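*Asks:* For the protein sequence lines, the chains are A and B, in the order given. The numbering used here puts the first sequence at residues 470 to 664. The numbering used here puts the second sequence at residues 470 to 664.
Heads up, the list lumps identical chains together, so a pair's fine if it works in one copy or across two of them.
With a Cα cut of at most 25 Å, we get these calculated SDA-like pairs of lysine to any residue: (1) Lys537 <-> Asn478; (2) Lys661 <-> Asp588; (3) Lys609 <-> Thr480; (4) Lys635 <-> Leu662; (5) Lys486 <-> Leu662; (6) Lys486 <-> Ala515.
Keep in mind the hints are simulated off the structure, nothing from the lab. For clarity, every value in this text was computed on a predicted model and none was experimentally measured.
There are 2 protein chains.
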Amino acid sequence: MNLRPQNFNITREQKEKLNGHKSFVVWLTGFSGSGKSTIANALEVALFERGVRSFCLDGDNTRLGINKDLGFSTEDRTENIRRVAEMAKLFLESGTIVITSFISPLISDRAMAKSIIGDADFVEVFINCPLAICENRDVKGLYAKARRGEIKNFTGIDSPFEPPIKADIELLTAKNSVQECVEIILKEIEGKLSC
Amino acid sequence: MNLRPQNFNITREQKEKLNGHKSFVVWLTGFSGSGKSTIANALEVALFERGVRSFCLDGDNTRLGINKDLGFSTEDRTENIRRVAEMAKLFLESGTIVITSFISPLISDRAMAKSIIGDADFVEVFINCPLAICENRDVKGLYAKARRGEIKNFTGIDSPFEPPIKADIELLTAKNSVQECVEIILKEIEGKLSC
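Can you build the whole structure from these sequences, using the hints too?
*Replies:* Structure follows, in structure tokens:
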């Protein structure tokens, strides 16, 4: 390979200083319908109100764009997570907090993401909502399709979900309100914000 | 496909307002060794000094990360540019100016990038430096390798470069200094900056 990393004059630290806060990744993991995107959205609003720059990377959005060549096989899901982690890392370098909402069902894939992003910058948040409740909500009608066999490799139906062994934050979205969940995250990341 | 775009509560416009400037993409195209990364770097410094948020996407950097699965065949180069454009678009959504430094030798690939990013947000900058000068500089020793046949599909040697028919900005890096080039860009994009 004839490549070498370019070192740019303006460092991540300088960008963070301009923004007035540090950057890191808040990685949400959980079933479809567990509330990842809702929490991501509400967290972004809360951060924005504090003048904190964040950006949401979302499974649906990235799969319609940069990852539209990928399906839902185990291999493609791993590649999906790899690319998301690499993108998150670039946003980190720009001084932006990243909130990712991906089912990311495999411990090995989340470990890969953490290794790409860096341990110190990776906050794992387990959006813990029982499958039965997610399926009952079925906001997008996907569980019904998966049960009818119209969608293959659907997490929780015919594809595994491996919960984190020890997440940095665990949110019980079947019990706690969106606002309560956001406050739990904010309290947890507060110490990481200041430059 | 069971995907639909997520609409997030904090819009690009709000993020731009928080930053105090609009976001768009400055797309640099030109031979290896023409000065793309140098100009990108100097432009970022100049913008940062004005409190403007920008981020550099670089061929070398992205190819060591998100695009490390891609080679230099025409097909892989196109996929490289597609992913870069999709990433640039995400940075736009975050309110950040993006400066891309990719040879991006084909008119069709740059047209694709422009179509992904959006016409209004795409500033094409032709880093126009004669091949002989780029080859003579040969900062990374790549032209020598390409001439010896050790690198295949090298732009200008055994792979074509299609100059823009009408770039938004054309920089003659063999004549003008880095600082002069940056000032030309700044003057051109000044009107696009204000919210």
